[in-house]
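Enquirer: Here are the chains, one letter per residue:
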Amino acid sequence: MTIQDIRNSLLKKEFSARELAQEYLVRIREKDQELHAFLNLAEKLALAQAREIDEKIAKGLDLPALGGVPCSVKDAILVEGVLCTAGSRMLENYVAPYDATVVQKIKKAGALIVGKTNMDEFGMGSSTENSAFGPTKNPHDPTRVAGGSSGGSAASVAAQECVISLGEDTGGSIRLPASFCGVVGLKPTYGAVSRHGIIAVASSLDQVGPMAKTVEDAETLFNVIRGRDPLDSTSVEINPKSEARNPKQIQNLKIGIPKEYFAEGLDPQVEKVILGAIQKLENAGAKIIEVSLPHSSYALADYYIINMSEISANLARYDGVRYGAAVPGENLLATYMRSRGEKLGAEVKRRIMLGTYALSAGYYDAYYAKAQKVRALLKKDFEEAFEKVDVVAGPVSPFLPFKIGEKVESPLAMYLVDIYTVTLNLAGLPGLSVPAGSAGGLPVGLQLIAPAFGEQTLFETGKAFETLIGTI
Amino acid sequence: MITKEEVQHIAKLARIELTEQEVEKFQKDLSEILDYFEILKKAHTSSIEEQPSSLRTENTARQDIPQKEKSQVIEKLISMAPQRERGYVKVHKIL
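Chains A and B, in that order, are what the protein sequence lines are.
Note that the numbering used here gives residue 1028 to position 55 of the first sequence, counting from 1, and the numbers run on in steps of one.
Note that the numbering used here gives residue 419 to position 90 of the second sequence, counting from 1, and the numbers run on in steps of one.
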């Protein structure tokens, strides 16, 4: 069911919001025995919200944009009164003291929050295997990963345990699981959506975004959550009159294909699906132009240096004193070290330590300062490409959803999964992952990239593409 | 390859207690990842300034006016601290 289907059925009184919420909660309990997309259900909240929607309908009042729509929320986003673990033992018992701005907005828009979804610990991972509470399985093949870090959100939408989900993307964490689970996911432009009430990972990269079955539903959710928030000084209002709000039709669209994204390392099965998708866009009248992003080979190393440096600072707050888990030691330093040593997982420790190293005296220039300069080059690559084209298209990941356990022993092998997604976060650009087909029964996502605040172009192109490949 | 002592030094800076096995595992992992980072040395960045202008952002500081918060919210926040006393967060003596 889509947002529109639910709206129509509620208004025709084919079912009530309460019945809908109950139906989805039953479905989650059933399917999640295998999938483990959810860490916590928010049954009371969902039913209370459903009651409000049913009252509105009974009184003949307007149904808000997400009225009665079952929605899951990544466990890095605060929902007042509900556990918020970020997939970590450190926050195992942490109950959110307030709502994130995006949660306030979806509540006001009438969404039914059914639960909090599984994720790699603090968003650090590409498979949800780094969750302290066990991995999420891919609904298309439960022996494989759902992608990460918003793997629970993607799987919950794919398995119809909810209709839409709020995810969070620092280097691909919305787009990759969307691709692996065959759903739509948008990483908005840096600043397009408020991050107040989000558990911070890397503050110059993090962005909250929508996940859904269709581009139209992702667009509806994006329009509910976007906009400036006084509580997040990096958030901005998108000018409704800007050119980007009036995108071109597919026949007039120039699509750039970065040659560096089709080089060595790309799984030929993924390449075939993506080239087929591009062919369909060309057949529909889009002009396909080869572009170059010459600094692409530096993107992954650059991303991880910046990501880890920011992580080492952001995660200093988990100290066994302020909130979260504590393992008391004989003095303050021992309390810090023991709490962090026992309650943080291996990948989190690796990144904090590497970030600490990169920022330490004597290494700062070689790592962090150098990475900031390369970041400017990567941004420039895209600016130059967008002088020639409206949209850049390519694969989301070089890989198909891999087997659970396949990459856990090698951090570097796991990092390579993100090679085509991280640059957008470094450059602050929006990216949409749309299902493009499958290989051996496993979904493959097409990544569409636009200039900053070009979300509308992505939605229009995405919707046209869905029609072309017959998902809609 | 970084040494075990270096791993322990970084862990201490990062305020993380590691077990012997972790030190060994992280010695290998950290070295491998740092080797991978070497690729950035090849990037020509001499034309880029110390603080790249394209990454420079404007400050958007708000007015520094204290805002009243409901006492229930304050209580809720304080109650999250692992150790508390009379409405305060309690920590070990450091002097």
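Derived by calculation from the structure, the hints in this document are not laboratory data.
A quick note: this is a predicted structure, and the numbers were derived from the prediction, not measured.
Every residue, glycine too, gets a C-beta built ideally from N, C-alpha and C.
Treat the hints with care, as some may be off.
Stated by the list, open to error - With a straight-line cut-off of 27 angstroms between C-alpha atoms, the simulated DSSO-like cross-links for lysine-lysine are:
1. A/Lys1080 - B/Lys399
2. A/Lys1232 - B/Lys399
3. B/Lys357 - A/Lys1376
4. A/Lys1081 - B/Lys333
5. A/Lys1352 - B/Lys357
6. A/Lys1316 - B/Lys354
7. A/Lys1353 - B/Lys397
8. B/Lys405 - A/Lys1352
9. B/Lys354 - A/Lys1376
10. A/Lys1352 - A/Lys1227
11. B/Lys370 - A/Lys1316
12. B/Lys371 - B/Lys405
13. A/Lys1080 - A/Lys1232
14. B/Lys399 - A/Lys1316
15. B/Lys405 - A/Lys1081
16. B/Lys399 - A/Lys1353
17. A/Lys1316 - A/Lys1353
Claimed, not checked - So, partial list: chain B residues that the calculated Cβ filter (under 8 angstroms) puts toward chain A:
18. Met330
19. Thr332
20. Ile345
21. Val352
22. Glu353
23. Tyr365
24. Ser383
25. Thr389
26. Ile394
27. Pro395
28. Lys399
29. Val402
30. Leu406
31. Met409
32. Tyr417
33. Leu424
Enquirer: Going through the numbered hints above, which ones does this structure break? Give me the numbers in ascending order.
Expert: When the structure is compared with the hints, numbers 2, 4, 5, 7, 8, 11, 12, 13, 14, 16, 17, 18, 19, 21, 22, 26, 27, 28, 32, 33 turn out to be violated.
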